[in-house]
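As a plain string of letters, each chain reads:
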Amino acid sequence: MSLAEPAALPVATSAPPRLDVLKRLTIRFKASLPAYLLLLPSLVFLALFTYGAMGRVFVDALYQRATPKAPLRFVGLDNISAVLTDPAFTGAVVNNLIYAVGTAIPSIALALLFALALARTNAVSSALRAALFLPVLIPMVAASALFMFIFLPNVGLLDYYIGRLLPVLPNWLGDSDVALYAIMVITIWKNAGYYMLFFLAGLQAVPEDVMEAAHLDGAGPYMRLRHIILPELKPTFLFVTVIAILNAVTQVDHVFVMTQGGPSNSTNLVLFYIYQQAVEHYDIGRASAATLLTLAALMGLTALSFRTMANREGGP
Amino acid sequence: MLFSRRLALGIAMAGALAFPAFAEGPTEIDLFFPVPVDGKLARDMGTLIKEFNETHPGVKATAVYTGSYDDTLIKTRAAIKAGKPPSAVIMSANFLLDMQIENELTNLDALIKADGTTKEQFLGQFFPALHGNAVINRSVYGVPFHNSTPLLYINADKAKEAGLDPSKPPQTWAELTDWAKKLTKREGDKVTQWGIAIPCAYDYCGWMMETLTMSNGGRYYNEEFGGEVYYDTPSMLGALSWWNDLVTKHKVHPPGATPGPAVSTSFISGNAAMMMLSTGSLTYVRDNAKFAYKVAFIPRNVRNAVPIGGASLIVPAGLEAEKQKAAWTLIKWMTSPEKSGWWSRATGYFAPNMAAYKTPDMVDFLNKNPDAKTAVEQLDVAKPWFATYKTVPVRKNLEDEVMLVLNGKKQPKEALVAAQKAADETLKPYNAETSLKLP
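Just so you know, the sequences run in chain order A and B.
As numbered in this note's numbering, residues 1 to 316 make up the first sequence, in order.
As numbered in this note's numbering, residues 1 to 439 make up the second sequence, in order.
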C-alpha cells in the first residue's frame, strides 16, 4: 500500500521485444530447472491426492442419478440448489454458525486470559501452562469418549457433583436444546490451551521499552492492556480467529462419537451433513455440492482475513 | 479421525502390495466385523479367527474391526468402490436389501448348490424367524451369524424391595406401566431411580420403535417390498404415545434421547430399575450387575411380537472365485453348530443355528444360565427387522421425530405425520423405478 514503489513499475513493464522475453524466460527456466525437478515428486503427489480429489469433487457435484438403477447424468447446478433448499443443510449451517461464534469467542477470551496470567516464566507458571495445554494433547476422539461418561445422565461425573446443588438436570446429550452447547464446551476446553500458545508468543513481541515508558508515565495495568498490549496483539487475534473458525468447520470428531448429529439434527454440523449425504444417503452428487459450498465459504473467509492482515502489516 | 483412518488404510494397502500372496501359499481373505454392543467382542473374534486359521491351512483369514453396524456398511461400500472388497462381512441384517438393490452382494445360491445341498436344506439349519432378512427374491444373500431380540431386563432386588414378584414379570403394557410407577423413586422434583429406560439413539431408536409397534399389532414396514413404511398408522401412534406417556404423563422414564450404552450403565448402577435392551447385552449385564436380575419377554399391548436384530455374514460382489470359495468355507465354519454356540456363549447373542442348542456345551451352559433361554424362546414370536431402500435415512426420518417427542417438542401424531412424509420422499426414487413404473 506504500505509495513510493509504483513510480518504479513503468520501467519494468515498458514492453521489451517479444524474443527478448522468451529468451529471458528460457534462461530463468534453465536456471531454476533443478529446483523444479526437486519439487516434482511432491508436485505429483499433491496433484494426485489433493488437487485430483478436489477436481473430482467439482465433477461429481454436476452429476446425479434419477432412480437407483438409472445411469448418472449431467444435471448442472441442480445438486447445489437441492442442497441449498434442504432444511437439514440450512439447519446444519445455522448450527455451525452458533457453534463457530460460541466456541471461538470464549476459547479466544480464555486463551488471552491464560496467556496474560502466565506470561512471566517461572516454575509455577510453566506447570500451569503445561496443565492448560494438556487437553490439546488428548485426541478429540478420546476426549469425546471421556466426556460421554462425564455427561451421562444421572450417573455421570457432572450430574454426580452438580446434582447435589441443582435438583433437576438436563439430559446433556439427549436434549435437543442442550446438546449443541454440551458439544461446544468440549471444543472450548480442548482449544483454549492451544490458542494460549499463540498469545504467549504474541506477548513476547510486545516491546519492553514501550511498556517501561508507559509504566514510568503512570499508566495502570488496565491502561497498558488497553493501549499497548491489545493493539500489539492484533495480528495474533486475527490469526487465531481464522484458525478458530476453520476448526469450527473442520473438527467434527466429537459429533461423530457422541451424538451423530442428533438428537433430531440439533448437533448436525456442515461437515457431518456432508458425511451423511455421502455415506448414509449414498448421494455423492449432493455431498460434493455441499463440499463445494463449504469450500467456497471457507476460502472466501480466509482470503478476506489474510487481506486484512496484509493491509495491517503494510500500513503505517 | 478421518485422516488417521485413511492413513491406516493406506498403510494396510501398501502392506498388501509389498507382500503379494505366494502362488502356493494359502488364500488370504479379509473379514470385516463390527462391535455393536457392550462387551469384549473384538477379543473373542480374534480367538475365533485364530482357531479357523489353525484348522484350515489352505486359507488365511484376517479379522478387520470396522466399528458400528453403520460404519461397517460405509467401509464395505468404500472398499467395493475402490475395487478391493473384503471377502466376507458381518453385516447388520437389515442392510442386505439395500445392498442387493445397489448390486453389492454375491448371490449365494450357486455356492450352496456346489456343496450339493438345496436352499431349503441350507436355510433349514437356522431359526425360521431369521429367514426374512437373509433371503431376497427367493435367493439367499446372507447367512445368519449372531442374532438378537429385544428383552425386558429387570433389577430383581429392586422389584422385591417395591413389593413386586420378579418371577412373574409384567406381560402387558398396563402391567409394565404399573411396575415402572412402583419402581420410580423421587425426592421432591428429583427422580433418584427411574422405573424404566428405553434407548433412543440413531439405530437403536428405530429398532425400539419397531419393537413397540409390533407388540401393538403393527408392522412398521412392508416385508415384501422395500418401497413402503407404515409410520403414520394407529399401531405406531399407540406405541409412540405410550412411550411419550411414560416420560411426560407417568414420569417413570428419563426424558430425552438416551443411547444404548448410557441405558445399560444406568441399569448396572441401579439408576434405572428396568430397561429394554438387546439380548446382545446379556453377557455384559451378567458380568457387571452386582444384583440379582431377571430377563423377560417384551410385554404386549395387542400381541407378543418382536423384531430380530443382529447380523448376517455376506459376501460382497466382485470377488475372484478363489476368494469367494475361501470366504464360503469361513462362513460355513463360523455358522456351524459348535462355533455358533461358542460365539453365543461369549457374546449373549443367540445362536442362529438350531443345532447349536443340542451341543453338550450349550445344554450345560443353559442349565447354568437359564436367562439365556428367554431370547431363544421369544424367537417363536419374532419377525424380520425393517429393511427398505435406503434403510438408514428412512429409519432416521422416523428417529428424528421420535427424539422430538421424547424431548417434549412435538406431539406423537404430528411427529408421525412428518416422519411419514419425509420417508415417502426418501423412498420416492425407488418407487419411481418399481411400483410406480407403469407400462
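No lab work stands behind these hints: they were computed from the structure.
Treat the hints with care, as some may be off.
Calculated cross-link-like contacts (lysine-lysine; reagent style DSS-like; alpha-carbon spacing at most 30 Å) [unchecked claim]:
1. B:K113 / A:K69
2. A:K69 / B:K84
3. B:K81 / A:K69
4. B:K190 / B:K410
5. A:K69 / B:K323
6. A:K69 / B:K428
7. B:K410 / A:K69
8. A:K69 / B:K325
9. A:K69 / B:K251
10. B:K75 / A:K69
11. B:K75 / B:K410
Per label pair, the in silico range of CB-to-CB distance [what the hints assert, rightly or not]:
12. A:L225 / B:K413: 53 to 61 Å
13. A:D86 / B:N304: 51 to 59 Å
14. B:F291 / A:L84: 48 to 56 Å
15. A:V94 / B:V417: 20 to 28 Å
16. B:K50 / A:A303: 34 to 42 Å
17. B:N304 / A:L84: 42 to 50 Å
18. A:L97 / B:A42: 48 to 56 Å
19. A:D86 / B:R186: 39 to 47 Å
20. A:F74 / B:A174: 57 to 65 Å
21. B:N53 / A:G52: 37 to 45 Å
For each residue, glycine too, the CB sits at the ideal point set by N, CA and C.
Starting from the hint 20 to 28 Å, judge whether the C-beta atoms of A:V94 and B:V417 obey it. Holds, at about 24 Å.
Cβ separation of A:L225 and B:K413, checked against the hinted range 53 to 61 Å: About 58 Å separates the Cβ atoms of A:L225 and B:K413, which means 53 to 61 Å holds.
Quickly compare the C-alpha distance for A:K69 and B:K428 to 30 Å and report which way the hint goes. holds (13 Å)
Does 42 to 50 Å hold as the CB distance between B:N304 and A:L84, or does it fail? For B:N304 and A:L84 the Cβ distance comes to about 48 Å; the hint holds.
For the pair supplied as a hint, B:K81 and A:K69, confirm whether the alpha-carbon distance does not exceed 30 Å. holds (16 Å)
Does the Cβ-Cβ separation between A:D86 and B:R186 fall within 39 to 47 Å? holds (43 Å)
Tell me if the straight-line CA distance from A:K69 to B:K325 falls inside 30 Å. Since the Cα atoms of A:K69 and B:K325 sit roughly 29 Å apart, the hinted pair holds (cutoff 30 Å).
Can the suggested window of 34 to 42 Å be confirmed for the beta-carbon pair B:K50 and A:A303? Between B:K50 and A:A303, where Cβ atoms are some 55 Å apart, the hint is violated.
With a cut-off of 30 Å on the C-alpha distance, tell me whether A:K69 and B:K323 pass. The given pair, whose Cα atoms are some 27 Å apart, holds under the 30 Å limit.
Against the range 48 to 56 Å, how does the distance between the Cβ atoms of B:F291 and A:L84 compare: consistent or not? Since the Cβ atoms of B:F291 and A:L84 sit about 54 Å apart, the hinted range of 48 to 56 Å holds.
Does the Cβ distance between B:N53 and A:G52 fall inside 37 to 45 Å? Holds: the Cβ-Cβ distance is about 38 Å, inside 37 to 45 Å.
Between B:K75 and A:K69, is the straight-line Cα distance small enough, at 30 Å or below? holds (22 Å)
Of the numbered hints listed earlier, those contradicted by the structure are 7, 9, 11, 13, 16, 18.
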